[in-house]
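Novice: Listed below, chain by chain, are the residues.
Protein chains: 2
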Amino acid sequence: MTRTMASIGTKWKPIIIYTIGKRTIRFGQIYALMGIISKKVLTEQLKELVEDGIISREKFDELPPRVEYTLTPKGIDLLRILNMLTIWNDKHNPEPAQK
Amino acid sequence: MTRTMASIGTKWKPIIIYTIGKRTIRFGQIYALMGIISKKVLTEQLKELVEDGIISREKFDELPPRVEYTLTPKGIDLLRILNMLTIWNDKHNPEPAQK
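Going down the list, the sequences are from chains A and B. Here the numbering used here is used: position 97 in the first sequence is 97, and no number is missing along the way. Here the numbering used here is used: position 39 in the second sequence is 39, and no number is missing along the way.
Any given hint could turn out to be false.
[What the hints assert, rightly or not] Facing chain A, according to a computed beta carbon distance under 10 Å, are these residues of chain B, among others: (1) Lys-11; (2) Asp-52; (3) Gly-53; (4) Asp-77; (5) Leu-78; (6) Met-84; (7) Leu-85; (8) Trp-88; (9) Lys-91.
[Unchecked claim] Derived BS3-like pairs: lysine-lysine, alpha-carbon spacing no greater than 25 Å straight-line: (10) B:Lys-74 / A:Lys-11; (11) B:Lys-22 / B:Lys-40; (12) A:Lys-11 / A:Lys-47; (13) A:Lys-91 / B:Lys-74; (14) B:Lys-11 / A:Lys-40.
[Claimed, not checked] Quick partial rundown of chain B residues pointing at chain A, CB under 7 Å, derived from the structure: (15) Ile-30; (16) Lys-74; (17) His-92.
By construction, these hints were calculated from the structure, which means they are not laboratory data. For every residue, glycine included, the Cβ atom is placed at its ideal position computed from N, Cα and C.
Produce the complete structure using the sequences and hints provided.
Specialist: And the structure:
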């Protein structure tokens, strides 16, 4: 378990993986969708996730340059488990009803 | 997902839950089994896990006093998902063969 948490340990990585989901998405979209992370931290976390083989990064030589991120099969596998975590959380920690 | 990570976000909690597993266990045993956490941090994390209803704490009025921790049904539910995470990690990040 210690090794597992080391590879996905920071609280950001699960949220980034969940935000990317099953689509192909750009840095700016991830940043906007998350809204709670700095560009510096997001850049570092994305770099680590690429190094860990959880997401793939594709750069298009255009002007301005376009970079897109997609979950790898390994990432999709992890997303499935992260989805179970949110179901667990919704079941056990339901959001208070909106007044 | 952000709420989910907030409730189980620190890297310690999953490891503590995994260490307790399906048994009833004392502070000293958790501390010894984990070996990589300070007593102060373990005490704080256990307190939060009790407050979150993930583990239960039972104190026995003996000399010396005995305190035991057990996963609640909510904790057992989470343990099941954490087990999937370790399976995912072993599948995708196999430990290098011992030389």
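Novice: Name the hints, by number, that the structure is in violation of.
Specialist: Hint 15 alone not satisfied by this model.
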